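Input sequences plus hints: build the corresponding full structure.
4 protein chains.
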Amino acid sequence: MTEATTSHHGYIGHKDDYLKRLRRIEGQARGLQKMVEEEKYCIDILTQVSAMTKALQSVALGLLDEHLNHCVVGAVEAGGEEADEKLKEASQAIARLVRS
Amino acid sequence: MTEATTSHHGYIGHKDDYLKRLRRIEGQARGLQKMVEEEKYCIDILTQVSAMTKALQSVALGLLDEHLNHCVVGAVEAGGEEADEKLKEASQAIARLVRS
Amino acid sequence: MTEATTSHHGYIGHKDDYLKRLRRIEGQARGLQKMVEEEKYCIDILTQVSAMTKALQSVALGLLDEHLNHCVVGAVEAGGEEADEKLKEASQAIARLVRS
Amino acid sequence: MTEATTSHHGYIGHKDDYLKRLRRIEGQARGLQKMVEEEKYCIDILTQVSAMTKALQSVALGLLDEHLNHCVVGAVEAGGEEADEKLKEASQAIARLVRS
Chain A
15 MTEATTSHHG YIGHKDDYLK RLRRIEGQAR GLQKMVEEEK YCIDILTQVS
65 AMTKALQSVA LGLLDEHLNH CVVGAVEAGG EEADEKLKEA SQAIARLVRS
Chain B
15 MTEATTSHHG YIGHKDDYLK RLRRIEGQAR GLQKMVEEEK YCIDILTQVS
65 AMTKALQSVA LGLLDEHLNH CVVGAVEAGG EEADEKLKEA SQAIARLVRS
Chain C
15 MTEATTSHHG YIGHKDDYLK RLRRIEGQAR GLQKMVEEEK YCIDILTQVS
65 AMTKALQSVA LGLLDEHLNH CVVGAVEAGG EEADEKLKEA SQAIARLVRS
Chain D
15 MTEATTSHHG YIGHKDDYLK RLRRIEGQAR GLQKMVEEEK YCIDILTQVS
65 AMTKALQSVA LGLLDEHLNH CVVGAVEAGG EEADEKLKEA SQAIARLVRS
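Protein chains in written order, with our numbering: chain A, 15 to 114; chain B, 15 to 114; chain C, 15 to 114; chain D, 15 to 114.
It should be emphasised that the hints constitute simulated quantities derived from the structure, not laboratory data. Since the model is a prediction, treat every value here as computed from it, not as a measurement.
Because identical chains share one entry, a pair is satisfied inside a single copy or across any pair of copies.
Below 27 Å or equal to it, Euclidean Cα-Cα: the simulated DSS-like pairs (lysine-lysine) are:
1. K102 to K34
2. K54 to K68
3. K68 to K48
4. K54 to K102
5. K48 to K102
6. K68 to K102
7. K29 to K54
8. K68 to K34
9. K29 to K68
10. K102 to K29
11. K48 to K34
Structure representation (C-alpha cells):
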C-alpha cells in the first residue's frame with residue numbers, strides 16, 4: 015500500500031462514536047417530525063430543537079478538536095504552505111460555527 | 015365535535031412545510047453519517063454541520079413566531095393567569111434558543 | 015397629563031438594574047483594553063470576551079422578556095394592526111439575537 | 015536582548031487595531047446606557063445589543079485566529095507536552111465561544 019491510502023482525518027479513531035451520535039441526531043429529526051405530525055405543543059417542539067442543536071454543536075466541537083490535533087498539527091509539523099492553508103481553513107470553520 | 019378538540023397550535027397551518035423542512039434536516043443527518051462513513055475531510059463535514067444548524071435554527075424561529083402570533087396572542091386575548099404563564103414559557107424557550 | 019406621556023417600555027421599572035448591568039459591561043470592555051495593552055495571554059482575553067458576551071445576552075433576554083410582557087401584551091390588548099406590527103418586530107429581534 | 019522583548023502573543027502585531035475595536039465596543043456599551051437612560055424603545059436597544067455582540071464575536075474570532083497561527087503553531091513546532099496543552103486550551107476556548 016502507498017502512503018496515499020493512509021487517512022489522517024482526526025476523527026477516524028472515533029468513527030463509530032461519531033456515527034452513533036449522528037444516528038441519534040437523525041432520530042431526533044424524526045422525533046420532531048412525529049411531534050409536528052401529532053400536533054404537539056410548540057414549546058415542547060422548541061425544547062427538542064434546542065436539544066438537537068446542542069447535540070450537533072457538540073459533534074462539531076469534537077470534530078474540530080480532532081481536526082486541530084491531527085490535520086493541523088500534521089501540516090504544521092510538515093511545514094510549508096499547507097500549514098497556512100489548513101490554519102486559515104480551520105479559522106473559517108470556527109467562524110461559521112460561532113456565527114451559526 | 016366540540017370546540018375543545020380544535021387545536022390552536024400556530025404551526026398547524028404550515029404543518030406540511032415544517033414536515034418537509036424537518037425531513038430535509040433528517041436527510042442532512044444521514045448525509046453526515048455517510049460523510050463520516052466514507053471518511054470525508056473534517057472541514058467539509060463541519061461545513062455541513064453549520065448548514066444543518068442554520069436550518070434547525072430557522073425552523074425554531076418559524077415555530078416561535080407562529081407560537082407568539084397564535085398561542086400567546088390567544089392567551090393574552092383570553093386574559094387571566096394563562097397569559098402570564100404562556101409569556102414566561104415563551105421567554106424561557108427564547109433563552110434556550112439564544113443560548114444553544 | 016395625557017395618556018401619550020405615559021411610557022409603556024417594559025424595562026422602565028428596572029431601569030437602574032439595567033444601567034448597573036450595562037455599566038459593568040462597559041467596565042468589561044475597558045478591562046479587555048487593559049489586557050490587550052498589557053499583552054495578556056490570548057486565551058485569558060477570550061475567556062473575558064465570552065463572559066462579556068454572556069452578560070450582554072442576558073441583558074438582551076431580560077429586555078425582550080419585558081418587551082413581550084408590556085409592549086406586545088399592551089398592543090394585543092389594544093387590538094388592531096399595531097399588535098401585528100409589534101409581533102413581527104419582536105420576532106425579527108429574536109431572530110437577530112439567535113443568529114448573533 | 016532580554017526575554018521581555020520576545021512576545022509570542024499573536025495579536026501583538028495588531029494591538030492598535032484591537033484596542034480601537036475594543037474602544038468602539040466600550041462606546042457601544044455607553045450608548046446602550048444612554049438609550050436606557052432616555053427610555054428608548056426596547057427593540058431599538060436590542061438591535062444595538064445584537065450589533066455589539068457581533069462586534070465582540072468578531073474580535074474573539076480575530077484573536078483566536080492569531081492565537082492558532084502564533085502560539086499554537088509555535089508550541090507544535092517546539093514539540094512536546096506544551097503543544098498538547100495549547101491545543102486543549104484552544105479547543106476549550108472555541109467551545110466557550112460557540113456556546114456563548
